[in-house]
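Just need the whole structure built from these sequences, with the hints factored in.
Number of protein chains: 2
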Amino acid sequence: MLEISSASNSLYKRLLSLTEAKGLKKEKSFLLSGKNLVQEHLKNPKLSLESEIFTEGMKPSTSVKFQIKMSKALFETLDVLGTHSPLLVLQQPEIPEWDFEKKHQGLQLLLPVGDPANLGAAIRSAEAFGVENVILLKESAHPFLPKAVKASAGSITRVCLFRGPSIQALKDPEILALDLKGTNLSDFHWPENGYLLGGEEGAGLPAGSKFRRLSIPTNQVESLNATVALSIALFHYSQRPKRKKS
Amino acid sequence: MLEISSASNSLYKRLLSLTEAKGLKKEKSFLLSGKNLVQEHLKNPKLSLESEIFTEGMKPSTSVKFQIKMSKALFETLDVLGTHSPLLVLQQPEIPEWDFEKKHQGLQLLLPVGDPANLGAAIRSAEAFGVENVILLKESAHPFLPKAVKASAGSITRVCLFRGPSIQALKDPEILALDLKGTNLSDFHWPENGYLLGGEEGAGLPAGSKFRRLSIPTNQVESLNATVALSIALFHYSQRPKRKKS
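These protein sequence lines map, in sequence, to chains C and R. Residues in the first sequence are numbered consecutively from 198, following the working numbering. Residues in the second sequence are numbered consecutively from 198, following the working numbering.
Hints may be right or wrong, so weigh each one.
Copies of the same chain look alike in the list, so a pair counts if it fits in one copy or across any two.
[As the list claims (entries may be wrong)] With a straight-line Cα cutoff of 20 Å, these simulated SDA-like cross-link-like pairs (lysine to any residue) come out: (1) Lys335 to Leu199; (2) Lys378 to Gln436; (3) Lys256 to His281; (4) Lys439 to Asn416; (5) Lys439 to Asp384.
Quick caveat, the hints were computed from the structure, so don't treat them as lab data. In this text the structure is predicted, and so the values were computed from the model without any measurement.
Below, the structure written as structure tokens:
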């Protein structure tokens, strides 16, 4: 077991950098926090475990080989969500570039979501409703920021993530996009294969974009919360009549 | 126009108290923030306007009679969401006690949501999908906290709000509640009149509760985000076949 109480310790500085996008890009590790998420991951690990971090008064797990005991003050700077519970350091999965030229099966989700909590929530719904792959557009927050991991309730460690271009560079008119006006979702028949573009709270579609617009029928002219709208569309997708496989 | 630059000014102290539940209960006013929400309200006011608060570098609206110019430092303590845009002080609507004995038309929503942002988002979806009334249970956050007002995108100023008991005191087995197990939402026929109980993120239903459980079919055993689950149920409700009025 390693003990760290100095803020100038190089391992501590590396771990602290995982609370921000810059460090996450450089280090290729991330912090998993939250008692339930940590316990779930130890029971059923999906990604390589590097270490566990804890502080006085906490019981670290018996199954993790590399333990780091931090002073209370240092621990609190890593526990940015205030979980007061041990953290895991996990390896980020590779996030390959998405190949738009290839033919893909099922629904692929394109996400330009800059707010980490909204990104995580969108990925949680994507997993729940059977989206095959999640393609993070340039506008997206880093998916392994603590808030994104938490809001995903762990989905982010399980779904297949890819990198895509900027939303501005998406030109395919067959891409489905949620908007205030468009084909009423209730009357919509989902294609067997395709792309759905999620929205960013408060931001509309790029000017002049030629996507196939879908809209969720509501009582008001007002838009829905972007994550809510996406989740409703994905629920509707998951309810589509399944084609029989021949 | 009134100018305030001292933190010991009594009007300032009253306004500052509106950023927390205790002050909101006592004062019966609330702060509306966010450029779009403020403009929308001035165009189409739903609640009585008391004043507008701004600071140097901001252009207050010409239509508000009672203007308060604050020093930058004081203004920032009131602009808790960091909108950098004038704030309105509005009168809270009366929130009467809900009468469970009376017969009510349509779907009524019961909310035990302690997180103000989740509460606001739930109310936004309720308005979008035609819920008649929103009943705030004892567990709910104050609906006029700045985060709740923002997440509601203004819905909170338009829906009919009522007060209800604690979730623990709800005994009617006819109340519909979302849960991991229960009648599959896809096969569910909504009653013409009834109650739907929303959920709190991370919290289950009270032990021993006898509500009629509804569940949203997903790929995983994992639950959905509570606001997402509620919104999907409300979308499904809004899609029910309407009975013909005779």
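These are the hints, each one checked on the structure:
In this homomeric assembly, Lys335 and Leu199 never come within 20 Å of each other (Cα to Cα): the closest approach is 38 Å inside a single copy and 46 Å across copies. In the homo-oligomer, the alpha carbons of Lys378 and Gln436 lie at most 20 Å apart only across protomers (18 Å), although the nearest pairing inside one protomer, at 22 Å, exceeds that limit. Proximity of Lys256 and His281 under a CA criterion of 20 Å is satisfied intra-copy only: 11 Å inside one chain copy versus 44 Å between copies. For the identical chains of this complex, Lys439 and Asn416 are inter-copy neighbours only, at 15 Å across copies versus 30 Å inside a copy, given an alpha-carbon limit of 20 Å.
With identical chains, the CA atoms of Lys439 and Asp384 are at most 20 Å apart both within one copy (16 Å) and between copies (16 Å).
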